[in-house]
Each structure stands twice: as C-alpha cells, then as structure tokens.
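Residue numbers (the working numbering), protein chains in the order written: chain E, 431 to 523; chain X, 3 to 138.
Please keep in mind that the hints were generated in silico from the structure rather than gathered at the bench.
Owing to the predicted nature of the structure, the values given are computational and were not obtained by experimental measurement.
Do not rely on the hints blindly, as some may be mistaken.
What the hints assert, rightly or not - Derived coverage of chain X by chain E (criterion: at least 3 residues anywhere in the stretch with Cβ under 8 Å from a Cβ of chain E; other residues may be distant):
no. : region
1   : 39-45
2   : 57-71
3   : 98-104
Every residue gets a Cβ at the ideal spot worked out from N, C-alpha and C, and that includes glycine.
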Amino acid sequence: MSPVLSDTFLLAAGSALLVASFLCLYRIGRGPTAPDRTVAIDILGTLVVGFCCVMALWTGQGFYMNIAIAWALLSFIGTIALAKYLEGRYYDE
Amino acid sequence: MSEVAAQWLIGVGLAFDLFGTIGLVRLPDVYNRVQAATKCVTLGTCMILGGVFVAQGVGPMGVKALLCAVFLLFTSPVAAHAIARGAYKSGVRLWEGSVVDRYGEEVHGVHPPIERAEPLITARPTTVGQPGEHDV
Numbered sequence: 431m432s433p434v435l436s437d438t439f440l441l442a443a444g445s446a447l448l449v450a451s452f453l454c455l456y457r458i459g460r461g462p463t464a465p466d467r468t469v470a471i472d473i474l475g476t477l478v479v480g481f482c483c484v485m486a487l488w489t490g491q492g493f494y495m496n497i498a499i500a501w502a503l504l505s506f507i508g509t510i511a512l513a514k515y516l517e518g519r520y521y522d523e
Numbered sequence: 003m004s005e006v007a008a009q010w011l012i013g014v015g016l017a018f019d020l021f022g023t024i025g026l027v028r029l030p031d032v033y034n035r036v037q038a039a040t041k042c043v044t045l046g047t048c049m050i051l052g053g054v055f056v057a058q059g060v061g062p063m064g065v066k067a068l069l070c071a072v073f074l075l076f077t078s079p080v081a082a083h084a085i086a087r088g089a090y091k092s093g094v095r096l097w098e099g100s101v102v103d104r105y106g107e108e109v110h111g112v113h114p115p116i117e118r119a120e121p122l123i124t125a126r127p128t129t130v131g132q133p134g135e136h137d138v
C-alpha cells in the first residue's frame, strides 16, 4: 500500500513521541517512590504503541501493528503484576 | 480527504501525548500523575491508532489498529486503578494540598488502618476561621 502521509509529518510525529518518551524516562529516573516509576513505565509502553503506529505508516509494513498489539498486551500484564507487587498481595488476591 | 483527517487525528493525539507526559513530570503526587498521564496518553495513543485506521482504511493494518485502540481503551483504566490502589496500600502519602481522601475513609472504616509513619493528610490551613469567630 502506498504511503499516505508525508515523510516530514511522520518525522515530526516520531520526534514528538521521542520527546514524550524522554519526559517519561525523567520520571522513571527521578520518581521518588516506586509507584511513580510504575506509572511512568506504563505510560512509556503506551507511547511505544504510538511509535509503532508511526513506524507502520512510515515504512508501509503491517507487522509493526502486530508489535503494537503485543506490546500493549505485555505492558498491561506487567503493570498489573507490578501493581499487585506494590499492594503486597499475590496474583489470586 | 482521508490524508487530512489522518493528519489531524495523529497531530491531536501527539499533542495529548505530550501534555500527558508533561503532567507526569510536573504534577506533585503519584495520584495526580496517574490521573493526568493515563487519561491523556490513552486518548492520545487511541487517536494515533484511529489516524492509522483512517489513513489505511479497512485492511490488515487498519483493523489491527482499531483492535489495539479498543484494547487500550479497556485496559488502561484498569492498570491505572491497580497502580493507584497499590500505591495507596503500599503507604504512599497524598500531597500536602489534598483536601479529601474518600478511599482512606472507606478503608479505615472497614479495616484496621494501615501502619503509617504520619497521617495521610496533613491539615490544610483553613481560610474560613475558627467556629465562633464570626458570630459576634
């Protein structure tokens, strides 16, 4: 499928997502408590999903969307595991 | 036409992503950060996925993008709720300027209070004045 959006726009989109990811990394490094870092890791996973979308539009190859779906699933599972760990419980409540 | 719509969707989604991460950096408390970052970044990424769907149409990429957007809309509030609950249960205190703690009232009414070094909310200096001060 022919690329729909211009390369300049997609480059700007990737740069904006990169800036957002660095803000997340700042919170991961600086965050005073462990839940701050957990939130930042969750948000970073969501940003990676958006970056996979931009890459799929840029290259025109569909397997980036598979990576996006898998990353969303694994990020959700990891976040739930970290939250349960913070809560001090086991996975079966 | 679909190109312009996809550009608008992706652009607004990127703006939401940036605002959400700025809120993640700037806000004072883990609960405020959860609220700002999860709402903004979920909506922003879902708009980017919608932009992919608009740009590519009904095909393999578009349908996968739509599926991923629906999945994110379902799972992101659950993850945020779990993080906030885990943070509260692990003893992260609220910001000093917080005015209400409904979950703490609920939990402490039902269960014995969680061991904490300090109370959950430090008293905010009230501007109303002491009772009996104004009814002279």
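| Given coverage of the region 98-104 of chain X by chain E, tested with a Cβ cutoff of 8 Å and a minimum of 3 residues | violated (count 0)
| field | Given coverage of the region 57-71 of chain X by chain E, tested with a Cβ cutoff of 8 Å and a minimum of 3 residues | value | As far as the region 57-71 of chain X goes, the hint holds, because 9 residues have Cβ atoms under 8 Å from chain E.
| Taking a Cβ-Cβ distance under 8 Å as contact, does the region 39-45 of chain X have three or more residues in contact with chain E? | holds (count 4)
Hint 3 alone, counting from the list given before, is not met by this structure.
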